[in-house]
Amino acid sequence: MAGGYWGKGNNPYWNFDSDASLRNSQMNDAYKLANNAQIDTIKAQSDASLARSKANMANIEISDLRNCKYPLLL
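Per my numbering, the sequence shown starts with residue 81, numbered consecutively.
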């Protein structure tokens with residue numbers, strides 16, 4: 081018999097609901113995982129954007145070198 085004489089959750093001297101505590105910790109873990117996944121998604125998107133901008137800058141530099149009227153003599 082859980083909770084003894086008063087029954088589960090009805091003891092005025094020790095009213096601790098372990099099931100509710102477990103649910104709360106599971107909800108906190110789920111929120112933490114969701115937030116971590118969202119942060120990972122944002123980081124991956126920003127990394128992809130940075131890679132695209134670096135590739136565009138490299139293409140611009142290459143096209144500038146090809147279209148130069150007076151290329152550098154090396």
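These aren't lab readings, by the way, just hints derived from the structure by calculation.
Be a bit skeptical, because a hint or two may be false.
Stated by the list, open to error - Quick list of the computed label-pair ranges, beta carbon to beta carbon:
#1 146 with 110: 48 to 56 Å
#2 112 with 135: 42 to 50 Å
#3 139 with 102: 30 to 38 Å
#4 117 with 143: 53 to 61 Å
#5 122 with 87: 31 to 39 Å
#6 115 with 139: 31 to 39 Å
#7 137 with 110: 24 to 32 Å
#8 144 with 107: 49 to 57 Å
#9 136 with 105: 58 to 66 Å
#10 120 with 97: 28 to 36 Å
#11 99 with 131: 34 to 42 Å
#12 137 with 113: 30 to 38 Å
#13 138 with 100: 54 to 62 Å
We treat Cβ as the ideally placed atom computed from N, Cα and C, and that holds for glycine.
Tested hints:
1. Taking the beta carbon of each, residue 146 and residue 110 are about 54 Å apart, inside 48 to 56 Å as hinted.
2. Between residue 112 and residue 135 the beta carbons are some 35 Å apart, a value that contradicts the proposed interval 42 to 50 Å.
3. Hint check: residue 139 to residue 102, Cβ distance near 56 Å, so the stated range 30 to 38 Å is violated.
4. Distance hint check for residue 117 and residue 143: the Cβ-Cβ separation is about 39 Å, which falls outside the suggested range of 53 to 61 Å.
5. For residue 122 and residue 87, the Cβ-Cβ distance of about 48 Å falls outside the hinted range of 31 to 39 Å, so the restraint is violated.
6. Against the hinted window of 31 to 39 Å, the Cβ-Cβ separation of residue 115 and residue 139 comes to about 37 Å, which satisfies the hint.
7. Checked against the hint of 24 to 32 Å, the pair residue 137 and residue 110 fails, with Cβ atoms roughly 41 Å apart.
8. Distance hint for residue 144 and residue 107: a CB-CB separation of about 55 Å, consistent with the stated range 49 to 57 Å.
9. Between residue 136 and residue 105 the Cβ separation comes to about 47 Å, which falls outside the hinted range of 58 to 66 Å.
10. Between residue 120 and residue 97 the C-beta distance comes to about 34 Å, which sits within the given range of 28 to 36 Å.
11. Roughly 48 Å separates the CB atoms of residue 99 and residue 131, a value that falls outside the hinted 34 to 42 Å.
12. Between residue 137 and residue 113 the beta carbon distance is about 36 Å. The supplied range of 30 to 38 Å therefore holds.
13. The supplied range of 54 to 62 Å is met by residue 138 and residue 100, whose beta-carbon atoms lie about 57 Å from each other.
Of the hints listed earlier, those the structure fails to meet are numbers 2, 3, 4, 5, 7, 9, 11, in rising order.
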